[in-house]
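S.K.: Residue numbers (the working numbering), protein chains in the order written: chain A, 1 to 289; chain B, 1 to 314.
To be clear, the hints were calculated from the coordinates, so they are not data collected in a lab.
From a predicted model like this one, the values you see are computed outputs, not experimental measurements.
One thing to keep in mind: the hints can contain errors.
[Stated by the list, open to error] Heads up, incomplete: computed chain A residues facing chain B, CB under 8 Å, no partners named:
(1) Ala-145
(2) Thr-270
(3) Leu-274
For glycine and all other residues, C-beta sits at the position ideal for the given N, C-alpha and C.
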Amino acid sequence: MTLTTPTPHQNKGRTRKSRRSPYLTALTTARGRTGLLLVLLVALAGVLAPVLSGHAPTDQSGDTLLPPLSAGHPLGTDDLGRDLLSRVLYGIRADLGIIAVAVPLGAAAGCACALLAAVHPVVDTVVQRAFDLVLAFPGLILALAVTAVLGPGRTPVIVVIAVAEIPVFGRQLRAGILVQRGREYVAAARVGGTGRARLLTRHILPNATDPLIVQLAVSLTVAVFIEGAMSFLGVGVRPPTPTLGGVLSQSMPYLSQHPNYAAGPLLAVTALVLGLSLLAEALNREVRR
Amino acid sequence: MTRYLLKRLPSALLVLALASFVVFSILRLIPGDPASSLAGPDASAETVAAIRARLGLDEPLFTQYAHWVGDLVRGDLGPSYAIGGDTASLIGDGLAATAQLTLGALVLVVLIGGALGIAGATARRGWVRGAVRAVTTGALAVPPYVTGVLLVLVFAVALGVLPPGGHASFLDAPDLAVQYLLLPALCLALPSAAVLGRYLKDGIEHALAEDYVRTAKAAGVAPRRLLWRHAVPNALPPVVTLLGMQTGHLLGGAVLVEAIFAWPGLGRLAEQGLTRRDYPVVQDLLLLLVAVFVVVQLLTDLVYAWLDPRIRWE
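Only chain B is shown next, with the shape it has when bound in the complex (with noise of 0.2 Å):
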């Protein structure tokens, strides 16, 4: 394991690096000037200069380069140069809100794509099953921002059981925060249980066909108990695998859920720096979305490399 591990880890390293310079290059094509935007219209040519010295931008492209990058190892994030305050704390604040998201959805998928997976395998009547592959399919097809609305549409406007959209804070009003989590939850989920539905679903009808649940079956064991004691554990290393990818996935798609269900995370911060030049917020944010993917995929192959030993040694 550690041997992959070590096999592993320079690809990664480099997949960051590269990733840091992109980040940092296109910050710099973005045509427009933060030093001038900052000082706004009327300011003097003196006064952009003093901007621009202040925040380092006179300084050669590699040195400002240099100095982000050991800043960011010496975790100093530094001030946002529009949006006002810390950096680190506006992206802290961003993450935990995405953050927030995120595990609620995580949790819907385990409930909703264990339900579907268990319930397309085991239903004996034939509706339930086409339901099922209805739902995964239908899931899978639509977008996430149509999903977004018809949720509206449906919990919000039609039913008026759910808000909007919004935020609020699980610390000062837990009930209320519970409310504006569902549908955003709910429609980030969605995609990913279907996925996680249909693995499971296979790996459950894999199970019951093989020859030992035959046995138990003719041994007299329950059928409940021969579907959750023999045929679910082992349909559930893949499936985990796949959680651990979706994962990523879910992290990609709560910047785009953010902005239907005006949600305050790292999506909305991402938009609010770029459209005010914020280079500091923006490149900080960047990156920490590519790392936060790559240590993802990291962790997704090494678990893979741990369920398969081939893999391993390849």
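Just chain A, with the same shape it has in the complex (with noise of 0.2 Å):
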């Protein structure tokens, strides 16, 4: 590495760089690459599966347990004779499905319940309690309670994903708003005369946003794992609709004889997870700064 003088063209370069959004800083560095090209790469896959794959992901064609790289079936084919590439790109696109409504339907509520919360100190008390009690069922202790009434399905998987996702954005944002309320800017906007609702949403919430980003990529991790773990306690996606989750979870009777039929959805659920919390990573690092 070379030392160079910093030159006045240099530092205007800085800080043009610094006051460009931290979001897009953090894609450039190596942790965001990467994690943005996993995240897209799995994504396209499972945007494109009707085109890279030539078979329906419930065709059962007379074949079972194919070993991978046979004639028309890249992955092999599962116990009951499906095209395991197939499902598994499907399983992306079910996954993607489920997670892309999930979360933002979760992030809303807690966010309307934090803003509701910091309306009047009751309310506050409401919702810090609700909050308390969702917190109080670990995750798949709500994802089998939620299931016992709904029964297995995509709906339940929703649900329970943005149930569990309403405290955890709730808190976040709840703490965000004491934090930037006891901030001056605040007081000086009170006191030249802004309402409260005005001042809540156009003064405090847009610097109270980072840690939600941050957030919001967390917990789209976090969705994937519950997708799984529900498939795998037997309450998810109903078959032979193929999520990752699912098609895992039907390969572990045939681990011991056919381990290759775990490898595509084993593959795809890890490139997809690191992304996302490679992501997470390079944005919480650069929106602490």
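Please dock the two separately framed chains into a single complex, following the hints provided.
M.R.: Below you can see the structure in the form of structure tokens.
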């Protein structure tokens, strides 16, 4: 590495860079890039599922448990003779569909709760206790309780993820609002006659969103966790519809005879989750700065 | 401390009371009637009604709730509907198996997390630090069911040294029991070990940069003694608190790990109870799990307050 004296030009470049949104800066770090690449790759595979595979994910050919690289089945077939490549690709699609609905839903509901709580101390207490209640159910216990009522399926998975995320986002935003409220600019705005609602939505909220963006990335990872875990517990999306967790859990009985069966879903889940958590970490580092 | 406990206790009790209400209502919302599923498809209306009366299901919901809570407080869990046997003994057996798994995992968390933390903070070679970082990131990012499948593939299928799943009693065959315990405990322990390792590494690095360590080093204290007698003890308090929080996570995660490794614990019992509509088992079980979680959280808060007096006076 060579040492250079900083020229005014370079300094200017640096300030411009630091003024750029921290989210964009985060995406240009090594972590951010790798994470983004992995997530995009997996997402693309899911989106292009119908193009990339010649089989429907539920089509049963006669040949069961074919090894990978068989003719017409690059990843082989499963115990019912379904093409594994298309099951994994459609599984990605199903997972993306679930997390893309559930996480924003939970985030929006959580933030709404936090905003409501910011209006009045009594509401705050009620909302806090409600959050405590949800948090008292460890994730999968919540999953069992919800599916006890709704039965297994896609909607319960979405409900479980969303409900589990509500207190996470709610607490995050509440803490942010409390911190910002003590700042001087808020006092100044209040003295200047800014109304309560406007103060909250136009002044405090924009300054309290950074941790929420990081949390969004973390929560997407958690959502993939929950989907798979519910499939393993037998309360997830109903077969024959493939999901990443579902295909992986179906491969469990065949691990000793046909370990290749698990390879596809294993790789896809790992890539997706690793990508998301690298993204979360990159964002966290940049935002905290 | 007592003051803080008195301040925190009501809200913990409130959460428990609310949770008991939620658990009770959830089970009443389940489509289907336990009495008719117990009686079987061919039973006459009278038989179903008789079963309903015997189980107390014909009483108003509020009376049922009061009965349930009253019995709970007296420690009388009653018989199970469908699984057979006593609810208390069913839950007791499940709890024993789950506690075994959780304790095994806790030991591994301390061992692996400690090794990761110390290696990450003190290793001079870059590749060791890199490896520690990779292991912690990977163990945190990858879901337990992926690690579970990988562990089975490596240790049970490729190497064939450990069984892929199952359970043996510690009393009858201790060596076999340890073999069965190792993989699920490892699978459960890895994420928590990674968190612990990270905190410990940061703590030790922080402590090693302190002035007193420099002074001790200048006075000729051996590096090994410096690490074990000075840096590690000072890095421990937050790690101990973290361990408490992770115990709660381990209990929650045990449900999933039990499903992967066919471990006959509380998770399996909950699954059985739900599919067979066994109200008493499921509601007592859910409440027990929530209660354990609430108590662990309360204890963690207390340790926090004990370590940091500012929290007590807030």
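S.K.: List in ascending order the numbers of the hints, as given earlier, that are violated by the structure.
M.R.: none
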